[in-house]
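**Student:** Letter by letter, the chains look like this.
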Amino acid sequence: MPEIKFIHSTANPDAPVAYCSFTAMHTVIEVLFVHEDEQKSREISEAVRDLTAELENKLSRHIASSDLAKLNSSQEAVEVNQELYFSLELCEQFRAATRGYFDIAALSASRHRPAYETLPAEHKARRCGKEIRLDLGGYAKGFALDKVKNLLAGTYGIENALINFGNSSIAGLGHHPLGDCWPVSPAKAGSGQTFRLRDSALSISGKTAGVLEHIIDPVTGSHASKDKDIAVQGQSALVCEILSTALYAAPREMWPALLQNFAAYKVEEI
Amino acid sequence: MEEKKTMDRRSFIERLGGLGLAGAAVAAFPWVEACSPAANKEVAKEKARIGMIGPGSRGYFHLENMKQIPQAEVVALCDIYEPNLQHASELYPEAKLYRDYRKMLEDPNVDCVVITTPLFCHFQMAMDAMDAGKHVFCEKAMAYNIDECYQMYMKHLETGKILFIGQQRLFDPKYLKAMAGVLAGNYGPVVNVRNYWFRNGDWRRDVPSPELERHINWRLYREYSRGLMTELACHQIQNGTWATGMLPEKVMGTGSIIYWKDGREVFDNVACIYTFPNGVNMTFESVISNAHFGMGEQILCKDAMVDLPGSRVYFEEPPRKSGIESLIAEIEEGIFSNSAFAGTSFSAENGSKDKGIAIMPEADGDGTVEIMEAFCNACITGKMPDKVLEEAYYGSVFSLLGDEALLQQKTLSLDEKYYLPTYKGRNGA
Ligand SMILES: NC(=O)c1ccc[n+]([C@@H]2O[C@H](COP(=O)([O-])OP(=O)(O)OC[C@H]3O[C@@H](n4cnc5c(N)ncnc54)[C@H](O)[C@@H]3O)[C@@H](O)[C@H]2O)c1
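Just so you know, the protein sequences line up as chains A and B, in that order. In this text, residue positions in the first sequence follow our numbering: the first is 9, and each later residue adds one. In this text, residue positions in the second sequence follow our numbering: the first is 2, and each later residue adds one.
Simulated from the structure, these hints should not be mistaken for laboratory data. Some hints here could point you the wrong way.
[Stated by the list, open to error] Taking beta-carbon pairs under 10 Å as the criterion, some of the chain A residues facing chain B (in silico):
no., residue
1, GLY174
2, TRP190
3, ALA195
[Claimed, not checked] Only some residues are given here: those of chain B computed to face chain A with a beta carbon under 8 Å:
no., residue
4, SER210
5, ILE332
6, THR345
Glycine included, C-beta positions come from ideal geometry on N, C-alpha and C.
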């Protein structure tokens, strides 16, 4: 289990604040919430860490023993855990809704689609070709973020929290203790935008300085590249994540067609 | 626009009464009570009937602001320069016009005067006004020399008239908030105060006809002005005495005209060092032929540097904070601000340079409206807010002493007799 950095402060008696961070899903995950005592806050932090680590184990292709790693290396149908099965189903739906631009098989050498099939009776999945490689990188953070949000609000009754998955997927539950939302701005110099998160999420896709383009245009198979990053704000962190990835991959002229299916989500270039 | 400003002011007052300025800090800024919700309530529907002397550039700005202050009523305007008088009159057509301020002081409809004339006029106008039974708001610097400042202060004590000096930083929420942190010792002891003001321009205004040169460009001539020290330094010197709670023991400095050799008499570049009794130095530097560094007011403490106009604090050892961790400190301090961390996936190696943390990023304005509002309230209630005049007095007096040091090329100390009987600072403490 990753180690948790935990802080609890009552310096402002009107807003006791708890913070935890840990490394998971190849990034730093942080949660900040208010109005809980120290012991309860520690318990909540551990629950968040446990949940995230568990989801990572289930959805990562980098962990050799994971179901997804097995699926990626087997020619046969592989029995997969509930979360992965559900995610595979969902991702196919999102691929259709984004006209092919959100594609967990984008890294594959093969352009064959659908790239995989799910077998409901046996709870199994199978790749449609040995060149297919499935990767849930553009999905797992959003998926886990929504789950963490539900854990905080549902199980622990937390009203106000800010959850940050590696700065690129962020969710605000309720509002800042001294304001009416969680205002979040891009770190990029000169970008004047502020996203006022209140029971909503934000996802940003683009190129990370010093890192090779990691979003692939599944239609052409080439690395997508844009001058600006794409930010999507809306209720579900998962949808934000999927949509920002798809929009970054898609050429501009495809945007209207993609956005049609996501009217409640706000898109900005930053 | 007006609507927005009113809202901002309300939130300023709320913030002062609320989280940010609790306990010891309020004791340190007793004057802010003059524009507290309680004070505003006390004067609700009452008016301070104002006569303005010298509605030039600064005066006109105040006149515009007064439109947003319900308790301000402009009843009279006075100027010896007709275009400025007419311009102001367009804003307040119902105000009575005067060409001689002494006549205006006889007007029983005038409760208080706002003096926005050139520096050399401040003393006589303020003294005459208090003698005539009027409350006074006088723009900074307080007066042309130290003795005049002292006499004005004593006149205020003697007549019991309200006297405000236009040192608006004393009412600027950004400054109040930052100073509260400094005075509470949050950043460690103050070890240095750095002030600078760099511009690149001749500081001249257009003159419609040559005989008006000295009237319009009064700032450039010694007869009327003490140049950079009274026009710019006095705001910043006041920060130093405010932050340390002490009065400088001595000042040395040098000044000259290096670039704008156009017949002006005041220096176009100055550098002064003030030393407090505990050895802490405060600098003021100003150059008006290179603007690269802009304006800065920085309180250097052992553990952090406080940037007053930028409203940020930079800790000496910034904890390596990613993403939202800095929110903890902000919530502790009662700050609501944007967190600027969103971006493409964070990788731990991208450690950024310390950007500091915001003290009060949402603050709008610079205290000019609030100080005028506090003045109006004081005129109506007749209650002089505590310590505000003393802070302003020393700001002016030490700027003037700095100018003396430049002129005499000597290290100077303030004559004991100019320490106010009511407030001598926390010297040495
Ligand atoms: N607090 C601040 O941030 C701030 C900013 C700017 C100016 N100021 C101060 O405001 C004052 C005025 O500066 P300004 O830039 O507005 O100057 P200005 O020259 O624009 O205005 C001065 C006005 O006073 C009038 N005047 C001169 N002698 C007079 C007399 N005997 N009777 C009546 N009117 C007379 C002039 O005709 C002019 O209209 C100065 O003390 C300056 O330091 C303060």
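**Student:** If a hint holds in the structure, say so; if it doesn't, say that too.
**Tutor:** Results for each hint:
no. : hint   : in the structure
1   : GLY174 : 4 Å, holds
2   : TRP190 : 8 Å, holds
3   : ALA195 : 5 Å, holds
4   : SER210 : 45 Å, violated
5   : ILE332 : 5 Å, holds
6   : THR345 : 4 Å, holds
Violated hints amount to a single one, hint 4; each of the other numbered hints is respected by the structure.
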